[in-house]
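Quick mapping for you: the protein sequence lines, in order, are chains E and R.
Numbered according to the numbering used here, the first sequence spans residues 1 to 137.
Numbered according to the numbering used here, the second sequence spans residues 1 to 135.
The hints are simulated quantities; they were obtained by calculation from the structure and are not laboratory data.
Please read all numbers here as calculations on a predicted model, not as lab measurements.
Be careful, since some hints might not be right.
To be verified - Pairs of lysine-lysine residues, derived as PhoX-like cross-links and limited to a Cα-Cα distance of at most 25 angstroms, are as follows:
#1 Lys34(E) / Lys54(R)
#2 Lys54(R) / Lys43(E)
#3 Lys121(E) / Lys43(E)
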Amino acid sequence: MRGAGAFFEERQLLPLAPRAISTSSPLVRSDGAKGALFTVHVKTVVTSNLLFRISALEILEGTFYQITQNVTITAPGTYIIAVGPGVALQPAGETADTTHANVVQAVGTPLPDQWRLSMNKGDGSLWEYGVAVRLVA
Amino acid sequence: MALTQDQIALALGTYSALEVDSLDLRAHGAAGLYVTLHVKTAGTSTVAVRLQGKEPFEGTYYTLNVDATVTVASRWVWVFGPGAIKQPDGEAAATVTTNFKQFVGIPIPDVFRVQLAKGDTSDWVLGVTVRRIYG
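With the sequences and hints as input, model every part of the structure.
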C-alpha cells in the first residue's frame, strides 16, 4: 500500500482513439490514494453526447455501482473532473467558483478501492477522445 | 521523491508580454501547490496567475482557475489543492490576509505550468515561486 505522499504519475486509462460505442476502462486499484484528477480530452465529436461516470466494484459478488453523476460532454475540449475529500469548486470564504470552466465536476467522496470509468455514447457516431487519471494521496 | 521546498517558476525579471509561461513542472506526488507572485514593480493594467495542466494526449494546456488579478506591487499568494479554504469552519471571516488572492479546491495536475496573464504589454518586475503541498 502506498500512503500519503506517494508518487502517483498520470496514466492514460483510455488512449486517444476514435470510438463509436460505449467504453469502460480497465479496473483500477486506488493503491492507497484518496482522490483523483481525471482529464477527458475530446478531439473530435460528431452527434449526440458522451457521458463520463465512475463506478465502484463491490467484491462480494463483483458488481459495479455508479458513484458519480454523469458528466455530459457535447463538444471538443479538455474536461477536468476532481474526486476526493476536500475538493471544491468554491472553497469556503471565496465568493464564487474559482475554477475555470474546464473543471466540470468536483466530487467529495474518497475513491473506492477498485473502480473503473465508463464513457457512454449517446449514439453510434465516431468520437475521438482519451481519458487520463492522476491519483492523489 | 517529495519536493517540499520553494521552486522558482519564473525568475525575478521584467516581463512585458501579455502571456508569460513557466517551463513545465511536475507535481512529484503533491496534491496541492502554494504559489507566490512577488511583484516588485507594477506596470499598468493587471496581472493574474493561471495554473495550467498539460493533457497527456496531444500536449495542449488547459487552465484550472479563473483569473484573480492584482494591480499593485506586493507578495501575492494562490493556493491550490483539496481542502484549501479561505475561511475555516467556525471563523466569522477569512483568517488569511489580503495577500492571498485565491483558493482553488482541486488537486493539481501531474504536469503543469504557471502562466502570467497580463492586461497590457507594460513592464512588470516580478517573479513566481511554487511550493508543493503533500497530502
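Here is how each hint holds up against the structure:
As the CA atoms of lysine 34(E) and lysine 54(R) are separated by approximately 22 angstroms, the hinted pair is consistent with the 25 angstroms bound. Simply put, lysine 54(R) and lysine 43(E) have alpha-carbon atoms about 15 angstroms apart, close enough for the 25 angstroms limit, and the pair holds. With a CA separation close to 15 angstroms, the supplied pair lysine 121(E) and lysine 43(E) stays within the 25 angstroms bound.
In this structure, none of the earlier numbered hints is contradicted; all agree with it.
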